[in-house]
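These protein sequence lines map, in sequence, to chains A and B. If you use the numbering used here, the first sequence closes out at 197, no skipped numbers anywhere. If you use the numbering used here, the second sequence closes out at 211, no skipped numbers anywhere.
Keep in mind that the hints were calculated from the coordinates and are not lab data. All values reported here derive from a predicted model rather than from experimental measurement.
Result set (DSBU-like, lysine-lysine): computed pairs, CA atoms no more than 35 angstroms apart in a straight line: (1) 37/A / 172/A; (2) 41/B / 172/A; (3) 14/B / 37/A; (4) 172/A / 14/B; (5) 14/B / 126/B; (6) 66/B / 126/B; (7) 106/A / 172/A; (8) 7/A / 101/B; (9) 161/A / 38/A; (10) 37/A / 161/A; (11) 14/B / 66/B; (12) 172/A / 38/A.
Calculated Cβ distances over 12 angstroms to all of chain A for the following chain B residues: (13) 17; (14) 44; (15) 51; (16) 66; (17) 67; (18) 70; (19) 96; (20) 152.
We put the beta carbon where it would ideally sit given N, CA and C, even for glycine.
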Amino acid sequence: MGSELTKLFELVISSSLVNNFVFTWFLGLCIFFGVSKKMETAIGMSVTFTAVILISSAMSWLVYNYLMIPLGIEFLMIIVFIGIVAGLVQGSDTIMRKVSPGLYHKLGIYLALISTNCIILAVPLMNVGNHYNFIESMAFALGSGLGFSLAMIIMASIREKIELSDVPGPFKGLPMAFIIAGMIALAFTGFSGLITL
Amino acid sequence: MSAENELSNWELIKNGVLKENTIFKLALSLCPAIAVTTKLKDGFFMGLAVVFVQVMVNLTVSAMRKFIHPRIRLPIFMLIISGWVTVVNLLMDALVPDVYKNVGLYIQLIVAFASILARAEMFASKNKIVPSMFDGIGMGLGFLVALIFVSMFREALGNGTIFAGTSFAMSIGAKPLLIMVLPAGGFFAVGLLMALFNWLYTRYGTKSHAG
Numbered sequence: 001m002g003s004e005l006t007k008l009f010e011l012v013i014s015s016s017l018v019n020n021f022v023f024t025w026f027l028g029l030c031i032f033f034g035v036s037k038k039m040e041t042a043i044g045m046s047v048t049f050t051a052v053i054l055i056s057s058a059m060s061w062l063v064y065n066y067l068m069i070p071l072g073i074e075f076l077m078i079i080v081f082i083g084i085v086a087g088l089v090q091g092s093d094t095i096m097r098k099v100s101p102g103l104y105h106k107l108g109i110y111l112a113l114i115s116t117n118c119i120i121l122a123v124p125l126m127n128v129g130n131h132y133n134f135i136e137s138m139a140f141a142l143g144s145g146l147g148f149s150l151a152m153i154i155m156a157s158i159r160e161k162i163e164l165s166d167v168p169g170p171f172k173g174l175p176m177a178f179i180i181a182g183m184i185a186l187a188f189t190g191f192s193g194l195i196t197l
Numbered sequence: 001m002s003a004e005n006e007l008s009n010w011e012l013i014k015n016g017v018l019k020e021n022t023i024f025k026l027a028l029s030l031c032p033a034i035a036v037t038t039k040l041k042d043g044f045f046m047g048l049a050v051v052f053v054q055v056m057v058n059l060t061v062s063a064m065r066k067f068i069h070p071r072i073r074l075p076i077f078m079l080i081i082s083g084w085v086t087v088v089n090l091l092m093d094a095l096v097p098d099v100y101k102n103v104g105l106y107i108q109l110i111v112a113f114a115s116i117l118a119r120a121e122m123f124a125s126k127n128k129i130v131p132s133m134f135d136g137i138g139m140g141l142g143f144l145v146a147l148i149f150v151s152m153f154r155e156a157l158g159n160g161t162i163f164a165g166t167s168f169a170m171s172i173g174a175k176p177l178l179i180m181v182l183p184a185g186g187f188f189a190v191g192l193l194m195a196l197f198n199w200l201y202t203r204y205g206t207k208s209h210a211g
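Bound conformation, chain B alone:
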């Protein structure tokens, strides 16, 4: 593997996490970003599931790209995606049942994620297997990072805990904000974080802007 190639792989990951962050920049796949982020643990496993699906779908599509007739490519991609989602769904049910109880429905709905289909269509169907894998890792990680951000924000403010650990807020005598774990808080959290990202991007000179 040449150095040049490694760099481009690294850049693929960076692109997914920062430049085209699924949630904060592209504003896609928002449903789980709000729904499963009341606790860091749920958000973390949801993010992992998405990374897995995105990477596997990219790999499969890229490996099969020569055999898929362009006219029927979308149904085939959907089939591949839902196949992998079924795998993740059954795996999560077996391995982390307590998390699955909270996020099960949203795991199944990864099928309808625009971002996964979009990457399969825009990247994996045109590129070789290795770059596709790194693109999948990048996009998935971007989603994971965003979920971790939102859920940390909400869990810290709403319960005063991080990763369901001991409450640090109680120790300094602050009361947790119940609103942040309510549904409404999810909208506020994502809205505020998006505004923060926008502000950072405009301040530190990346020219693209969300929404």
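In isolation and in its complexed conformation, chain A is listed as follows:
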């Protein structure tokens, strides 16, 4: 049991720090650059994202292992997983609007954006590729969510400062954001080799 727990802990650390989705897999960049201008939106996005990714990878795992494998339709996984994500986002959007309008007012807009985030699709696909069991894939999803949140928050706090400084003309806006992301990525390479799974 002890070694199991250690393995789960390692999975969380590795997917959040060592193999951070944004800085080593380069996924979810559209969202990463799109909503990291302000700290408030970055936090809203991170919270919503972590919640959605946990639920969607749990659902995809169940569907894949209990429905698709018995039916022998593994090759349809891209279609099925994108369907799950889209359905989940649409569904939670409707439920949230009815059940807690306050929360919807705060986080609803991020929910709609999430379906364009590739991490949300990549995590279920990688769970399948790595043959994780249910608990392991939940740990992996949690780690990815935390890693993405960390990246968003670091980025937002730097970009809020950059707003006030004098950036050379052609670098204004996105190019500068890319350079900053490159430097953070450089810092994150320091984590590589921390854990080898």
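Following the hints, position chain B against chain A.
Leaving out everything else, chain B in the frame of chain A:
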């Protein structure tokens, strides 16, 4: 086919490659632009896959546009896209296994490309089949060109090679910059190239600007 029509087809392609270049101008679908561009070969095949998917999706959507009820159009588009992505995914796995090993995950993630859905929604669902095809070719080529640019830049600086050929950098006694093939280098490369494009656009008078 009249001359006027040909011109507009040509302009559709030009629009995709230059004016609305997916990566440098619209800043969409960035993930693979950085992830698979450490080697020119990977970038090239990734770009080809995107061209194929974009053209086929545009064709399918355009051919079916009269039958798709507007209220359920987005789920239908997603279905069409993921169908074609599955096709490409299986094809690449069978035909170029060594490339697929590196880019497989990103091929599957073409599904989540905002640019493909956007073109299906904005162009193909409103236009006839032939213009839609050319629009698809243009947008896909724009992406391919951008990928080739970034990966050439990175491979040349990071490994000193082009298309995994002999190292020209070694022959002039220069050391390759390891950082360019590291993840961080991808961000730097795209950032620098974007800045370059911005500079060129402002200098040579195209009025739109990125980001």
